[in-house]
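So the protein lines, in turn, are chains A and B. For the first sequence, my numbering begins at 1 and goes up steadily by one. For the second sequence, my numbering begins at 1 and goes up steadily by one.
Incorrect hints may have been included.
Here are the simulated SDA-like cross-link-like pairs (lysine to any residue), alpha carbons at most 20 Å apart as the crow flies [to be verified]:
| id | chain 1 | residue 1 | chain 2 | residue 2 |
| --- | --- | --- | --- | --- |
| 1 | A | 187 | B | 68 |
| 2 | A | 94 | B | 143 |
| 3 | A | 187 | B | 62 |
| 4 | A | 94 | B | 46 |
| 5 | A | 248 | A | 187 |
| 6 | A | 94 | B | 48 |
| 7 | A | 224 | B | 46 |
| 8 | A | 248 | B | 46 |
| 9 | A | 94 | B | 45 |
| 10 | A | 94 | B | 62 |
| 11 | A | 224 | B | 62 |
| 12 | A | 187 | B | 46 |
| 13 | A | 187 | B | 41 |
| 14 | A | 94 | B | 68 |
Cβ-Cβ distance ranges computed for the label pairs, FRET-style [what the hints assert, rightly or not]:
| id | chain 1 | residue 1 | chain 2 | residue 2 | range |
| --- | --- | --- | --- | --- | --- |
| 15 | B | 89 | A | 75 | 13 to 21 Å |
| 16 | B | 126 | A | 279 | 27 to 35 Å |
| 17 | B | 111 | A | 375 | 49 to 57 Å |
| 18 | A | 370 | B | 126 | 52 to 60 Å |
| 19 | B | 110 | A | 279 | 20 to 28 Å |
| 20 | A | 370 | B | 47 | 38 to 46 Å |
| 21 | B | 114 | A | 114 | 25 to 33 Å |
| 22 | A | 145 | B | 98 | 44 to 52 Å |
| 23 | A | 74 | B | 114 | 28 to 36 Å |
| 24 | B | 25 | A | 11 | 49 to 57 Å |
| 25 | A | 183 | B | 46 | 38 to 46 Å |
Hints listed in this document are in silico derivations from the structure and should not be mistaken for laboratory results. This one's a predicted model, so the numbers in the text were calculated from it and none came from an experiment. Ideal Cβ positions, reconstructed from N, Cα and C, are used throughout, including at glycine.
Chain by chain, the residues run as shown.
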Amino acid sequence: MTLANDERRWADPGLTRVPYWLYRDPEILARERERLFMGRTWNYVALDCELPEPGDYKTSFVGDVPVIVVRGPDGEVRVLENRCAHRGAQVCLKRFGNAKRLTCVYHAWSYDLDGKLVGVAFRNGVRGEGGMPDSFDAAEHGLRRLNAEVYHGLVFASFAADMPAVESYLGPVIAERVKRVFNRPVKVLGQTTQELPNNWKLYVENVKDSYHASILHTFFTTFKINRLSQSGGILVDDSGGNHVSYSKIEVPSDDPDYDVAGLRSDQDGLRLRDTTMLAGRDEWGDGITLQILTVFPNFVIQQIQNSLAVRQVIPRGLDRTDVNWTLFGYADEDEELTRLRVTQSNLVGPAGYISMEDGCVGGFVQRAIGGSEELDSVVMMGGEGAESQSTRATESSIRGFWKAYRATMDL
Amino acid sequence: MDDMLAVARLQLDYAAAVDNDALERWPDFFTADGLYRITNAANEARGLPIGIVHCAGQAMMHDRVLSLREANVYEAQRYRHLLSLPVVTRDGDTLSATTSFHVARIMQDGATLLFATGEYRDVVVRDGEALKFRQRVVVLDSERIDTLLAIPI
């Protein structure tokens, strides 16, 4: 790729240096729309359970491009660009709705749920005057339909028609971890949008950054909620773009100090008065208490104890990002488990004990790099590659992101 | 009218405590088993149980204040609450009130944002000498939150 400004090069051929202009260059933002979001990627757009009935739709985004996710009369989910083929107005305005036809408010052009144009107001004019010429062919003016796949309750869309199946896009290792969480139908428990004052990549890097977790987020260490022993690691797929960071408590069964809540509090230290939040349940039978998973380029699946969420990261310009949080549980779960997820929701989201810092730290970077566009960030923890590692004191998955980013962006 | 003024007085004291960074007093505005919840109107309309903050009981409120003081990282900021008069209904000894609010957030550099608008849905009871919130549900009008929400609303 040749950038208009020759000063803006990515000199280092490896993955350990990331130039700061990547977060500030309008040309990069445009190229990301073309190559990443409208290119050969799968983009999360909705949960399947958000559209239970035929005609149910949700407005969503692929990158910053508005789309409609709609269940057709045959029960299949379609993803259509939310832009009228006539004059470009947004067709669906509501977040959620149900419709037999999708009708643009501007001039009442209407489309069926496949996006086919089925109605043009005053097509034959009024009293024989005006109207569309005979050369107008409705078949050429439908809503652009995206490639879509529902994968274990997750709806993915792509502007590329010839994508590999989502499962092979994820790679076998990451796919297993997606299926671990999405092992049966889910239901939405709450939604919120967090607006961040930074480039979208800073948030994605933060999610992939297992190095910062216990340093920036001091909730667990402040309250001495130390785990007896914790194992875990990082899994990165071959493309580099998809990752899992996980940790696991292993409880020695003969340790008399172990208590049910998994807590150990220093006598002199600060401690929580109410530990309800920490009494987790091993729902998956594998002892994994944290699994953060990303799908390239901008999708996150979170399991923090029993708090489950998907996060869709939407670029809103060079230095604005929306994070759409959808917290969920299983459709068949008991009320007690739902209550536990409600209580543990205090850990996550814009006010979360262990995630509120993620809302501001990207802005700290965005503000600080204005005068340093020719300089690079340093991403060397855990080596120079983007392979899976059995430690979380590594930046391997951040390097993985840049590996996939450079390949997709041709940078 | 007496009920309205009594509830308004409790709400103004609460807002003053939060706006003046007396967060250690914040749990005391609730009964011991009081519920404090922040959510948004869309979640409420859909009957979804998870919002932004969920504190069941004073102990969890104390924990949140302690965490804000000792553990969480966020830039220095404060709020300024502006409240409407409450619309109060009485059922026996229990008062229910709905009250509109605007909350401006003032950052340390002076940047001021209309951070949140919405309504308080309160259940107020007499607890000894004082009126206290048995329940305070903060229903934000918008689903969007700028950067993060640290200080309670």
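Taking the hints in turn, this is what the structure says about them:
Our distance criterion of 20 Å between C-alpha atoms is broken by residue 187 of chain A and residue 68 of chain B, whose separation comes to about 31 Å. Between residue 94 of chain A and residue 143 of chain B the CA atoms are separated by roughly 14 Å; this keeps the pair inside 20 Å, and the hint holds. Of the pairs offered as hints, the one joining residue 187 of chain A and residue 62 of chain B is violated, with about 31 Å between alpha carbons and a cut-off of 20 Å exceeded. Between the alpha carbons of residue 94 of chain A and residue 46 of chain B the distance comes to roughly 15 Å, so the proposed pair stays at or under 20 Å and holds.
Our distance criterion of 20 Å between C-alpha atoms is broken by residue 248 of chain A and residue 187 of chain A, whose separation comes to about 26 Å. A hinted pair counts as satisfied when its Cα atoms are at most 20 Å apart, and residue 94 of chain A with residue 48 of chain B qualifies at roughly 18 Å. Annotation: proposed proximity of residue 224 of chain A to residue 46 of chain B is violated, straight-line Cα distance about 38 Å (limit 20 Å). For the given pair, residue 248 of chain A sits about 35 Å from residue 46 of chain B by alpha-carbon distance, which is inconsistent with the 20 Å threshold.
The straight-line distance between the Cα atoms of residue 94 of chain A and residue 45 of chain B is roughly 15 Å, inside the 20 Å bound, and the hint therefore holds. Distance hint between residue 94 of chain A and residue 62 of chain B is unfulfilled; the C-alpha atoms sit about 39 Å from each other, more than 20 Å. A distance of roughly 17 Å separates the Cα atoms of residue 224 of chain A and residue 62 of chain B; the hinted pair therefore holds under the 20 Å criterion. Taking the CA atoms of residue 187 of chain A and residue 46 of chain B, the gap is about 12 Å. The hint holds against a cut of 20 Å.
Between residue 187 of chain A and residue 41 of chain B the CA atoms are separated by roughly 19 Å; this keeps the pair inside 20 Å, and the hint holds. Between residue 94 of chain A and residue 68 of chain B the CA atoms are separated by roughly 36 Å; this puts the pair beyond 20 Å, and the hint is violated. In this structure the supplied range 13 to 21 Å is violated for residue 89 of chain B paired with residue 75 of chain A, their Cβ-Cβ distance being about 46 Å. In this structure the supplied range 27 to 35 Å holds for residue 126 of chain B paired with residue 279 of chain A, their Cβ-Cβ distance being about 33 Å.
For the pair residue 111 of chain B and residue 375 of chain A, the beta carbons lie near 27 Å from each other, so the given range of 49 to 57 Å is not met. At about 56 Å, the CB distance of residue 370 of chain A to residue 126 of chain B agrees with the hint of 52 to 60 Å. A beta carbon spacing of about 43 Å between residue 110 of chain B and residue 279 of chain A contradicts the range 20 to 28 Å that was offered as a hint. For the hinted restraint 38 to 46 Å between residue 370 of chain A and residue 47 of chain B, the CB-CB distance of approximately 45 Å keeps it satisfied.
Checked against the hint of 25 to 33 Å, the pair residue 114 of chain B and residue 114 of chain A fails, with Cβ atoms roughly 42 Å apart. As the Cβ distance of residue 145 of chain A to residue 98 of chain B is approximately 45 Å, the hint placing it in 44 to 52 Å holds. Taking the beta carbon of each, residue 74 of chain A and residue 114 of chain B are about 46 Å apart, not inside 28 to 36 Å as hinted. Checked against the hint of 49 to 57 Å, the C-beta distance between residue 25 of chain B and residue 11 of chain A comes to roughly 56 Å, which is consistent with it.
Between residue 183 of chain A and residue 46 of chain B the beta carbons are some 25 Å apart, a value that contradicts the proposed interval 38 to 46 Å.
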